[in-house]
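2 protein chains.
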Amino acid sequence: MYIGIDIGGTNIGIGMVDNENNLIYKDSIPTRCESGYREIIKNIIDLIYKVINCTGIHKTEVKGIGIGIPGIVEPKSGIIIDSVNLKWKNVKIMDEIENEFGVPVYVGNDATVAGVAELEVGAMKGYNSGVLITLGTGVGGGIIINGNTYDGSNGIGSEIGHMIVGENYYNCNCGRNGCLETFCSSTAIINYATKLIEEGCNSLMLEYVEDDIKRIDGRIIFKAAENGDNVACEVVDRMVKYLSIGIVNVISIIDPEVFVIGGGLSASGDFLLSKIRQQVLANTYFKEVETGRVVLSNIGNDGGIIGAANLCKHHG
Amino acid sequence: MYIGIDIGGTNIGIGMVDNENNLIYKDSIPTRCESGYREIIKNIIDLIYKVINCTGIHKTEVKGIGIGIPGIVEPKSGIIIDSVNLKWKNVKIMDEIENEFGVPVYVGNDATVAGVAELEVGAMKGYNSGVLITLGTGVGGGIIINGNTYDGSNGIGSEIGHMIVGENYYNCNCGRNGCLETFCSSTAIINYATKLIEEGCNSLMLEYVEDDIKRIDGRIIFKAAENGDNVACEVVDRMVKYLSIGIVNVISIIDPEVFVIGGGLSASGDFLLSKIRQQVLANTYFKEVETGRVVLSNIGNDGGIIGAANLCKHHG
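Heads up: the sequence lines are chains A and B, in that order.
Numbering-wise, this note's numbering puts 263 at position 257 of the first sequence, and it's gapless, one number per residue.
Numbering-wise, this note's numbering puts 220 at position 214 of the second sequence, and it's gapless, one number per residue.
It cannot be assumed that every hint is accurate.
Just so you know, same-sequence chains aren't split out, so a pair can sit in one copy or run between any two.
Here are the simulated EDC-like cross-link-like pairs (lysine to aspartate or glutamate), alpha carbons at most 16 Å apart as the crow flies [stated by the list, open to error]:
hint	residue 1	residue 2
1	K95	E296
2	K247	E173
3	K93	E294
4	K65	D24
5	K281	E240
6	K82	D101
None of these hints come from the bench; they were simulated from the model.
These numbers were taken from a predicted model, which means no experiment stands behind them.
Assemble the whole structure, with the sequences as input and the hints as a guide.
As structure tokens, then:
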């Protein structure tokens with residue numbers, strides 16, 4: 007029996023997960039970032055007690071607690087070095103919860119945790135190595151090597167969104183130019199679609215949003231592209247071009263067995279997937295060697311909790 | 007006691023290496039690629055017998071044989087999928103030598119083998135993870151993760167030279183544009199220096215080569231740059247710019263404890279190293295997190311043999 011906790015900028019999800027990965031109980035509370043980390047950790051401790059009480063499971067049956075957070079985690083100490091979303095710097099959540107409950111606590115980056123969920127119950131099941139690429143507001147990465155999570159020696163590995171893959175017309179939030187997430191995140195494609203429309207391109211997208219350009223989002227872009235809109239197709243093709251460069255770069259370095267595409271934009275499903283596969287194939291340079299299969303994520307909304315619970319088993 | 011074999015396009019080096027990594031005997035023969043792989047494997051077998059005989063070491067004391075080759079190796083089978091230098095495709099060297107000598111045989115890419123040498127007797131000693139980047143005719147990579155070699159699931163990991171890091175004015179041999187080795191190999195910097203000079207830039211380099219532009223090589227470029235030649239400085243700075251993008255990309259993915267710069271161009275020593283360190287620091291995006299130290303290779307000419315012998319211990 008394991009407890010998984012998924013700390014997001016808006017909500018904290020928690021669940022009791024059994025050894026067969028059944029989520030036998032779940033709950034959530036608002037994160038309330040403004041209250042500060044001490045208060046939030048206190049809330050989390052209360053929430054863990056609530057889950058233990060409500061499930062009737064004895065404290066000694068809980069073999070570990072895993073926590074996913076949106077930020078950078080120091081691998082050995084579990085210290086949260088930086089979380090922009092939570093506004094946390096150098097927060098020692100691991101020690102506090104370990105002291106309270108006397109069980110091993112593991113803390114991981116949320117994309118890494120999602121990768122663990124893919125490995126346990128999703129599209130990476132049965133593989134020994136894999137890379138999850140989440141296409142959302144940013145681009146995240148979860149790396150599995152030899153069946154375990156891989157975050158690097160300082161906790162900043164698997165930050166695939168900050169791999170430089172070309173030159174872009176605007177800089178990344180990190181201050182540099184050409185990061186993968188400035189080409190492939192939903193923010194990036196909205197930015198590019200808006201730019202093209204503002205430059206005078208006519209598009210179905212405008213019709214969908216009743217000329218309110220601010221309402222353009224990833225779903226609108228993919229809907230228009232699927233309906234053959236030239237501007238939307240250009241936006242999607244540019245995204246896929248750079249994503250496939252990113253994927254082939256990851257092949258050139260860690261050559262995993264499988265790539266899993268997750269995050270909000272993966273909802274565009276086979277339309278996106280077939281384009282990515284085509285471009286990855288076009289971009290691979292050792293044509294005679296098989297490369298990692300590209301598939302869509304298939305963990306559900308509870309992936310964050312299940313992945314966090316499984317950090318206990320797969321902590322690298 | 008281990009035997010290490012370093013197969014290059016010109017020569018095959020072999021050595022008997024003891025458990026303390028002393029090279030107690032070494033020998034070499036010309037590769038003679040034109041004779042075909044069957045003949046070469048026969049020559050290697052003869053050479054192994056010669057080493058065993060000359061050292062007086064009993065066959066049963068040899069615990070393993072490691073072989074480094076310039077090419078792609080299928081991780082499990084040791085099949086050499088492709089070696090451009092040797093003109094080999096799908097060559098099963100591992101089985102043949104294993105059958106002959108009855109000891110475990112490991113085959114690895116030569117840059118990976120050089121990485122193992124750095125780990126055992128060089129600049130990676132004492133580290134658990136590291137990435138060797140060899141700057142030679144091409145750009146190669148040797149990755150160590152958790153103390154073992156890492157070549158990926160299909161043997162095409164650690165091909166760092168083919169990571170795309172920008173846009174270049176000419177294409178890579180692999181057919182794509184923007185590969186690291188088209189910016190950072192000796193071939194790349196010679197190409198760029200020649201281009202600038204042919205475009206009319208005046209340079210000390212021309213003086214060094216007595217106006218014979220074809221004689222410009224990496225050594226000439228670095229010598230001119232160290233003496234303040236503007237053109238050579240531009241060539242070196244461009245190389246360092248993209249190399250540091252490559253290094254920070256590798257940090258974004260596998261975040262190793264150390265980077266080792268090897269290959270012919272590393273002979274330019276501290277002049278190159280200080281420029282790389284400066285640019286890597288400028289390019290890292292999580293300023294509060296330590297990143298892998300960048301150092302120069304310090305294995306000698308026997309690194310290929312010692313690394314190959316140690317494949318037996320560190321095969322990932």
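16 Å Cα threshold - placement of E240 relative to K281: Within one copy only: 12 Å inside, 39 Å across.
Within, between, both or neither, where K82 and D101 count as close if Cα-Cα is 16 Å or less: Answer is within: at 12 Å inside a copy they meet the 16 Å cutoff, but 41 Å across does not.
Status of E173 relative to K247 across identical chains (alpha carbons, at most 16 Å): Close inside one copy (13 Å) and across copies (13 Å); limit 16 Å.
Status of E296 relative to K95 across identical chains (alpha carbons, at most 16 Å): between (42 Å within a copy, 15 Å between copies)
Identical-chain pair category, K65 with D24, by Cα at 16 Å: within (14 Å within a copy, 53 Å between copies)
Homomeric proximity label, K93 with E294: Cα distance no greater than 16 Å: between (47 Å within a copy, 15 Å between copies)
Going through the hint list in order, the structure satisfies each hint without exception.
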